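Kindly produce the complete structure, drawing on both the sequences and the hints.
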Amino acid sequence: MPRKSVSDGDDPLGIDLSPMIDCIFILLIFFIVTTVFIEEPGAQINKPDLGTAADQLDKNSILIAVTRDDKVVYANKTIGVKGVGPMIKPILDLEPDVPVIIQGDNDASHGVIQQVHAEVKLAGAKFVAYSAKNQ
Amino acid sequence: MLGRDLNSDSNDNVAIDLSPMIDCIFILLIFFIVTTVFVDEVGTEVSKPDISSATASTLDSNSVIIEIGADDKVRFEGDIIGVGGVLPLIKPKLDVDPETSVIIQGHRDATHGIVQRVHAEAKIAGAKTRSVSTLD
Chain B
-14 MPRKSVSDGD
-4 DPLGIDLSPM
6 IDCIFILLIF
16 FIVTTVFIEE
26 PGAQINKPDL
36 GTAADQLDKN
46 SILIAVTRDD
56 KVVYANKTIG
66 VKGVGPMIKP
76 ILDLEPDVPV
86 IIQGDNDASH
96 GVIQQVHAEV
106 KLAGAKFVAY
116 SAKNQ
Chain V
2 MLGRDLNSDS
12 NDNVAIDLSP
22 MIDCIFILLI
32 FFIVTTVFVD
42 EVGTEVSKPD
52 ISSATASTLD
62 SNSVIIEIGA
72 DDKVRFEGDI
82 IGVGGVLPLI
92 KPKLDVDPET
102 SVIIQGHRDA
112 THGIVQRVHA
122 EAKIAGAKTR
132 SVSTLD
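Protein chains in written order, with our numbering: chain B, -14 to 120; chain V, 2 to 137.
Honestly, I wouldn't trust all of these hints.
[Unchecked claim] Calculated lysine-lysine pairs in the DSBU-like style (CA-CA distance at most 35 Å, straight line):
(1) B:Lys67 to V:Lys94
(2) V:Lys74 to V:Lys92
(3) B:Lys44 to B:Lys118
(4) V:Lys129 to B:Lys106
(5) V:Lys92 to B:Lys62
(6) B:Lys118 to B:Lys74
(7) B:Lys74 to V:Lys49
(8) V:Lys129 to B:Lys111
(9) V:Lys94 to B:Lys62
(10) B:Lys56 to B:Lys106
(11) B:Lys74 to B:Lys62
(12) B:Lys106 to V:Lys92
(13) V:Lys92 to V:Lys129
(14) B:Lys111 to B:Lys62
(15) B:Lys62 to V:Lys49
(16) B:Lys74 to B:Lys56
(17) V:Lys129 to V:Lys74
(18) B:Lys56 to V:Lys74
(19) B:Lys67 to V:Lys49
(20) B:Lys106 to B:Lys118
(21) B:Lys74 to V:Lys92
(22) B:Lys118 to V:Lys129
(23) B:Lys56 to V:Lys94
(24) V:Lys74 to B:Lys118
(25) V:Lys129 to V:Lys94
(26) V:Lys92 to V:Lys49
(27) B:Lys44 to V:Lys129
(28) V:Lys94 to V:Lys49
(29) B:Lys74 to V:Lys94
(30) B:Lys62 to B:Lys118
[As the list claims (entries may be wrong)] Cβ-Cβ distance ranges computed for the label pairs, FRET-style:
(31) V:Leu88 to B:Lys106: 24 to 32 Å
(32) B:Gly27 to V:Phe32: 18 to 26 Å
(33) B:Lys106 to V:Ile23: 48 to 56 Å
(34) B:Gln41 to V:Gly127: 14 to 22 Å
(35) V:Ile17 to B:Ile11: 19 to 27 Å
Simulated from the structure, these hints should not be mistaken for laboratory data. Here the structure is a predicted model, which means the values were calculated and not measured. Don't be surprised by glycine CBs; every beta carbon is placed ideally from N, CA and C.
As structure tokens, then:
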């Protein structure tokens, strides 16, 4: 609706939107800065408790989960050990420095974790970390 | 603009309609709110020896090899030491030679949790070179 349709009298009705816009801009910038585009595995993982040995890991990482029944999960899909390479190779080709985090369950077998690790290394990952329970 | 009187209502003519911009920002804002995931991952970096270098490092006399069997028992040179025994085992060796490497060899059927706890103990003990591999 045009604001100046009637000569005067509706100027006091105009709401000053600039504080709201400022506020929205701040929110927008906050979300732009904090957004990382990662695929969460989406599997229930009971991570090992490592106490003080655990470090904070990079937020922008490729996450692969190994469940307690030794299923390898990436982005809500069970991919199996052989599926790890084809899944992460395209990402690592674009960004070779992106870390890979393997979320292994407490009861996952060591052999499967090591097979996944070998596949990840073969795909060209420089940094591989294993996830631990958050303190 | 040309025909307008400067004094009476010139201010209204320069006012920009902000609503399309606000709409646009709102859409961006909603997109980022929806896509934001707050990842908070903690863990440890684990190195894995290459197949070629695994045999070489096994031959290295300066390394401590800790074995984890299929029964989740932690062994060093045949003796069962348990997870708690890893730190007291490694610490004196690291005090003598800080470059001592720790090799953790887990059986295929050992659980991931035990292997990780042994690895964490080695890290707390201060071992700089740690590697995890599979026991055949």
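> When you check the alpha-carbon spacing of Lys44 of chain B and Lys118 of chain B, does it fall within 35 Å?
Replying inline: Within the cut-off at roughly 15 Å; holds.
> Does Lys94 of chain V lie within 35 Å of Lys56 of chain B when you go C-alpha to C-alpha?
Replying inline: violated (38 Å)
> For the pair supplied as a hint, Lys74 of chain B and Lys62 of chain B, is the alpha-carbon distance within the 35 Å limit?
Replying inline: holds (17 Å)
> In this structure, is the beta-carbon distance linking Ile17 of chain V and Ile11 of chain B contained in 19 to 27 Å?
Replying inline: Since the Cβ atoms of Ile17 of chain V and Ile11 of chain B sit about 21 Å apart, the hinted range of 19 to 27 Å holds.
>> Hint check: Lys129 of chain V vs Lys94 of chain V, CA-CA at most 35 Å. Holds or violated?
In response: Between Lys129 of chain V and Lys94 of chain V the Cα gap is close to 12 Å, so the pair holds against 35 Å.
> Lys44 of chain B and Lys129 of chain V: Cα distance at most 35 Å?
Replying inline: holds (24 Å)
>> Does Lys49 of chain V sit within 35 Å of Lys92 of chain V, going by the straight-line distance between their CA atoms?
In response: holds (22 Å)
> Is the Cα-Cα distance between Lys106 of chain B and Lys92 of chain V 35 Å or less?
Replying inline: Within the cut-off at roughly 30 Å; holds.
> Between Gly27 of chain B and Phe32 of chain V, does the beta-carbon spacing fit 18 to 26 Å?
Replying inline: The hint (18 to 26 Å, Cβ to Cβ) holds, given that Gly27 of chain B and Phe32 of chain V are roughly 21 Å apart.
> Does the Cβ-Cβ separation between Gln41 of chain B and Gly127 of chain V fall within 14 to 22 Å?
Replying inline: Once the Cβ atoms are compared, 20 Å apart, the range 14 to 22 Å for Gly127 of chain V and Gln41 of chain B holds.
> Is Lys74 of chain B within 35 Å of Lys49 of chain V, Cα to Cα?
Replying inline: holds (19 Å)
> Does the alpha-carbon distance linking Lys67 of chain B and Lys94 of chain V stay inside the 35 Å limit?
Replying inline: Outside the cut-off at roughly 39 Å; violated.
Taken one by one, the earlier hints fail for this structure at numbers 1, 5, 9, 21, 23 and 29, listed in ascending order.
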